[in-house]
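**Q** Put together the whole structure using the sequences plus the hints.
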Amino acid sequence: MEKIEMVYLPVTDLQQALAYYRDALGWTELWREGDSTAAIGPSDGEVSVMLDVSTTGSEKSGPILTVDDVRLWIDERRERLSVAKEPSEIPGGWWASVTDPSGNITYIIDQSTAD
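With UniProt numbering, the residue at position 60 of the sequence shown is 60, and numbering never jumps.
The reader is advised that the hints may include incorrect statements.
The calculated DSSO-like cross-link candidates involving lysine-lysine, where the alpha carbons are at most 30 Å apart (straight line), are [said to hold, decoys possible]: (1) Lys85 to Lys60; (2) Lys3 to Lys85; (3) Lys60 to Lys3.
Each pair of labels, with its calculated beta carbon distance range [to be verified]: (4) Lys85 to Glu29: 20 to 28 Å; (5) Gly26 to Lys3: 22 to 30 Å; (6) Gln111 to Glu76: 14 to 22 Å.
I should point out that these hints are in silico values taken from the structure, not numbers from a laboratory. All C-beta atoms in this analysis are idealised placements derived from N, C-alpha and C, irrespective of residue type, glycine included.
**A** Structure (structure tokens):
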């Protein structure tokens with residue numbers, strides 16, 4: 001399974017970003033993780049936007065591709081990919097990132113350890 005589920009969007013202020021996307025654009029807040037991360041999207045959309053407070057300023061926006069197993073997915077494609085971030089554990093699963101020849105980033109996640 002491979003599915004573009006979200007677009008990662010680093011922000012400097014979550015409340016300010018929510019005010020824009022939720023209040024100005026009228027999108028729905030789908031979930032929130034603490035004070036630094038929230039997902040938001042149009043009510044009839046299949047793809048959401050993950051707003052995440054950037055602490056380093058080095059994060060780039062890009063699609064989030066959901067797969068069954070990040071580590072296996074990366075290993076099977078390693079020779080054809082430019083891996084920017086090796087797989088690491090996150091709540092509920094794993095994530096990694098790859099870059100295309102122009103430096104655009106794609107985030108790869110799984111929920112393999114979620115309850």
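**Q** Taking 14 to 22 Å as the stated bounds, is the beta-carbon spacing between Gln111 and Glu76 within them?
**A** holds, 19 Å
**Q** Would you check the hint for Lys3 and Lys85, treating anything up to 30 Å between C-alpha atoms as holding?
**A** Roughly 19 Å separates the two Cα atoms, so the pair holds.
**Q** Could you say whether the range 20 to 28 Å given as a hint is met by the Cβ separation of Lys85 and Glu29?
**A** holds, 27 Å
**Q** CB of Gly26 to CB of Lys3, is that within 22 to 30 Å?
**A** holds, 25 Å
**Q** Taking only the CA atoms, is the gap from Lys60 to Lys3 under or equal to 30 Å?
**A** Holds, at roughly 20 Å.
**Q** Mind checking the alpha carbons of Lys85 and Lys60 for me, to see if they're no more than 30 Å apart?
**A** Holds, at about 12 Å.
Checked against the numbered hints given earlier, the structure satisfies every one of them.
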